[in-house]
Structure formats: C-alpha cells, structure tokens
Amino acid sequence: MSLHADLLEQARHLARRESKRPKQASLRRSIATAYYALFHLLVNESCAFLVAGGGRQQLRNAMARAFAHSEMVAACKAFAKQSATSHSVKDCLRVALPSGTISDDLRKLATAFVDLQQARHEADYDPSAAFTRQHALGLVAQVEAAFDSWKRIRNSVEADVFRVALLIHQSIRS
Amino acid sequence: MTTAVQIRKKLASLKRLPAKVKNWRVESGEDNTGDTALWVWVTLNDVDLSEQNREGIREAVRRAVRAMPDPVPSWVYVRFQGASEDAA
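Read top to bottom, the protein sequences are chains A and B. For the first sequence, the working numbering gives the first residue as 4, with consecutive numbering after it. For the second sequence, the working numbering gives the first residue as 28, with consecutive numbering after it.
A hint or two may mislead.
Stated by the list, open to error - DSS-like cross-link-like pairs, simulated, lysine-lysine; straight-line CA separation at most 30 Å:
1. A/K154 <-> A/K111
2. B/K36 <-> A/K84
3. B/K47 <-> A/K111
4. B/K37 <-> A/K84
5. A/K84 <-> B/K49
6. B/K47 <-> B/K37
I should point out that these hints are in silico values taken from the structure, not numbers from a laboratory.
Just chain A, same shape as in the assembly:
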C-alpha cells in the first residue's frame, strides 16, 4: 500500500481504539494522521504529474520537499471558494480551468484539506482542546470521501491545474 493509504488506515485504527473511553492521545494522533494522509496523497499525485517518467524518483522526492502546508492551504481555500461570480483562484490558473469553475469533487477535496489542516493544528498545539471519537471519525470519513473524489477527477484538466496551484498559487503575481 502507499504511504497515504497506510496513514488513512492508521488514522481510522487510532480513532477506534479504546472502545469505552478513547484516550485523548489516540484521538489527537488520529486527526493529525488523517491530515497527513491527505497531505501525502496530494503531494504524491502532484509530483507524479510534474515530474513524470521512469528513473526520476529522486527528483520527485526532491520536489515533494518543496510543498508547504501554508501554500497548499491557501490554494485549497481559493479553489473551495471559486465560483462563477467569485474568482478566488488566480486569473492565470483560472483561465486554464475548462469551464472556469470547479467540480463538486474538487471543491469537497479542497474543503477537506482546509478543515483537516485546522483540526490537525488544534490536535497538535491546543492542550485545552477536548476531542471526541465521533469528531475524529468524522474527520477520517471526510478524508476517505476526499480520496474518492480525487479518484474521480485525477485524470481531468482541473486536477492538473490544482496540482500546479498547490505548489505556486501564492507565489503568482497578480
């Protein structure tokens, strides 16, 4: 299995541990792991597109290290909010979208990334937060749905625009 699939399975496992009273540590690690499952899926898919072909794995590995959480979440917010009347995706990328708008699948995936990154931030850095099993399971299910969305759109032009945006959206000058 791939790293992202393994991480998702691990997130599910952690959210279901301790059947009566789940430990906060298990739920916090479940949420963070679910976020990283989605993060690694998108980085892996973007690198495979941007550096295609055999004999280039080391180059793909190098490129993977260029993806920044802050850049990716900014791109995801822009894609999640993009609509016919509200242009949040930078113009030079938006014109590359076949219909000028984005599909529900891409919107859901982008939304899940933003939701999960914030949840991971709270799980890792907010000692006062209390987590419930259903909250963690809900986030894991949201990532599972995002994986399914990606499968449906991964060969589309909008998916390619999104892959590029994850790396450069914030760096593009207006």
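Start from chain A and add chain B according to the hints.
Quick look at chain B alone, frame taken from chain A:
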C-alpha cells in the same frame, strides 16, 4: 459583523437538513492561517452520524453563513459529535 448568536439563531431555523440536529454551538475567532473563522459544532443522534448526513449538513451550514449579511467569516469549520458524547 454578524455575531455568533445571530448565526446560531439562523442555523437553528434551517429546514430540510438530512438529519435532526440536537444542538448547535457557534464560536468565532481566527484560524491557524490568521483568517477570520467560525466553528460550528453540530450534535446529532449517534445513529445519524453518517458521512452522507455530515456532508449535507456541512453544505447547508456553509450556504446559510454565506447568505448572511456581510462581513461573514472567511471560513466555516463544521464539526460533529454524537448526542451521547455531548451529554458526557
């Protein structure tokens, strides 16, 4: 600025949600990127916590908040918990 109380009132009046909401809790603040944000906690009966119901409620909440008078928060985080957890 639309207040959390106003938003909670609006959410409580939503019709045709995919599952009955037992309780709404709304908080506002800044998210980890520094954007203004809203956290909406939704309590459902445990048997209603399917991803399909969650997704339908997420969409309905975001649509309702977007339709409120400006300025509205930059992002809405919709979180779920079971009724049995809410009572705990």
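| query | What hints, given by number in increasing order, does this structure fail? | reply | No hint contradicted; all consistent.
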